[in-house]
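Visitor: Sequence:
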Amino acid sequence: MEDTDRLVNDLTVIAGEGNIETMLSVDKGLQELAFLKVEDAVLIALAQHHRSNVAELADPATKSSGDEKFTEAFDLSKEEEEEVLFKQAWLIYFWRRAKTHNVEDDIAEERLQMWIDRHGLQPTSHDAVDVEEGIRELRKLGIEQLLWELSRREVNIPQEEEVNTTKEEMNITKEESSDVEDDLT
Numbered sequence: 001m002e003d004t005d006r007l008v009n010d011l012t013v014i015a016g017e018g019n020i021e022t023m024l025s026v027d028k029g030l031q032e033l034a035f036l037k038v039e040d041a042v043l044i045a046l047a048q049h050h051r052s053n054v055a056e057l058a059d060p061a062t063k064s065s066g067d068e069k070f071t072e073a074f075d076l077s078k079e080e081e082e083e084v085l086f087k088q089a090w091l092i093y094f095w096r097r098a099k100t101h102n103v104e105d106d107i108a109e110e111r112l113q114m115w116i117d118r119h120g121l122q123p124t125s126h127d128a129v130d131v132e133e134g135i136r137e138l139r140k141l142g143i144e145q146l147l148w149e150l151s152r153r154e155v156n157i158p159q160e161e162e163v164n165t166t167k168e169e170m171n172i173t174k175e176e177s178s179d180v181e182d183d184l185t
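Counting in the UniProt record's numbering, the sequence shown runs from 1 upward without gaps.
Simulated from the structure, these hints should not be mistaken for laboratory data.
There could be a bad hint or two in this list.
[Claimed, not checked] Here are the simulated lysine-lysine pairs, DSSO-like style, with alpha carbons at most 27 Å apart:
{"#": "1", "residue 1": "K99", "residue 2": "K140"}
{"#": "2", "residue 1": "K87", "residue 2": "K99"}
{"#": "3", "residue 1": "K140", "residue 2": "K37"}
{"#": "4", "residue 1": "K37", "residue 2": "K78"}
{"#": "5", "residue 1": "K87", "residue 2": "K140"}
{"#": "6", "residue 1": "K87", "residue 2": "K37"}
{"#": "7", "residue 1": "K28", "residue 2": "K140"}
[Stated by the list, open to error] Restraint ranges, calculated between C-beta atoms of paired labels, are given here:
{"#": "8", "residue 1": "F86", "residue 2": "Q145", "range": "18 to 28 Å"}
{"#": "9", "residue 1": "A45", "residue 2": "E82", "range": "18 to 28 Å"}
{"#": "10", "residue 1": "F74", "residue 2": "I157", "range": "43 to 53 Å"}
{"#": "11", "residue 1": "I157", "residue 2": "E81", "range": "35 to 45 Å"}
{"#": "12", "residue 1": "E79", "residue 2": "M114", "range": "16 to 26 Å"}
C-beta: ideal position from N, C-alpha, C; glycine also.
With the hints as extra help, turn the sequences into a complete structure.
Guide: Spelled out as structure tokens, the structure:
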């Protein structure tokens, strides 16, 4: 009987029908991983590991120089290319907004131009690592968050004006209706 219960429990967990406690602990774990930016670190580590594996196959003279720019780039799969192009477009979008809103003035123009220049080219493994580093830079500088807060303020200002206008209209309507009532009495 005990083996049957354990088998049913194992099948339930495998089928994704775990209890709420398990789901909450998984959610908490995922939040902690996101907070610690484990995914970013793993992606960069994998890209660097892949780069070092390719470097071992490359000419030993170039490999011994120690400069990563001299390591041979490898071809990306179609999905990886699309992901790199998407992330480049993402970086262009955020650096353009940063430039428009005068956020990080000292580097925004330079970064924007760099990503624009690279966007139309065939992505390589070097580009995959570079876009990950670019996104990490955006997060480290807090640009995504700052621009999001700016856009929220822009959206809220017209809404607040609309609410104030609506309140004023309601007050005028109340005053007019009380005037009409006064006239009737």
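Visitor: For every hint, state whether the structure bears it out.
Guide: Status of each hint after checking the structure:
This hinted pair checks out: K99 and K140 have alpha carbons roughly 17 Å apart, not beyond 27 Å. For the given pair, K87 sits about 18 Å from K99 by alpha-carbon distance, which is consistent with the 27 Å threshold. For the hint pairing K140 with K37, the CA-to-CA distance comes to about 11 Å; that is within 27 Å, so the pair holds. Distance restraint check for K37 and K78: the Cα-Cα separation of roughly 26 Å lies within the 27 Å cut-off, and the hinted pair is therefore satisfied.
Only pairs whose Cα atoms come within 27 Å are accepted, and K87 paired with K140 is accepted, the gap being roughly 16 Å. Taken as a hint, the K87 and K37 pair is honoured in the structure, with Cα atoms around 17 Å apart against an allowance of 27 Å. Between K28 and K140 the alpha-carbon distance is near 23 Å, which keeps this suggested pair within the 27 Å criterion. Here the CB-CB span from F86 to Q145 is close to 20 Å, well matched to the stated 18 to 28 Å.
Separated by about 22 Å at the C-beta atoms, A45 and E82 satisfy the suggested range of 18 to 28 Å. The supplied range of 43 to 53 Å is met by F74 and I157, whose beta-carbon atoms lie about 49 Å from each other. About 40 Å separates the C-beta atoms of I157 and E81, a value consistent with the hinted range of 35 to 45 Å. For the hinted restraint 16 to 26 Å between E79 and M114, the CB-CB distance of approximately 24 Å keeps it satisfied.
Checked against the numbered hints above, the structure breaks none of them.
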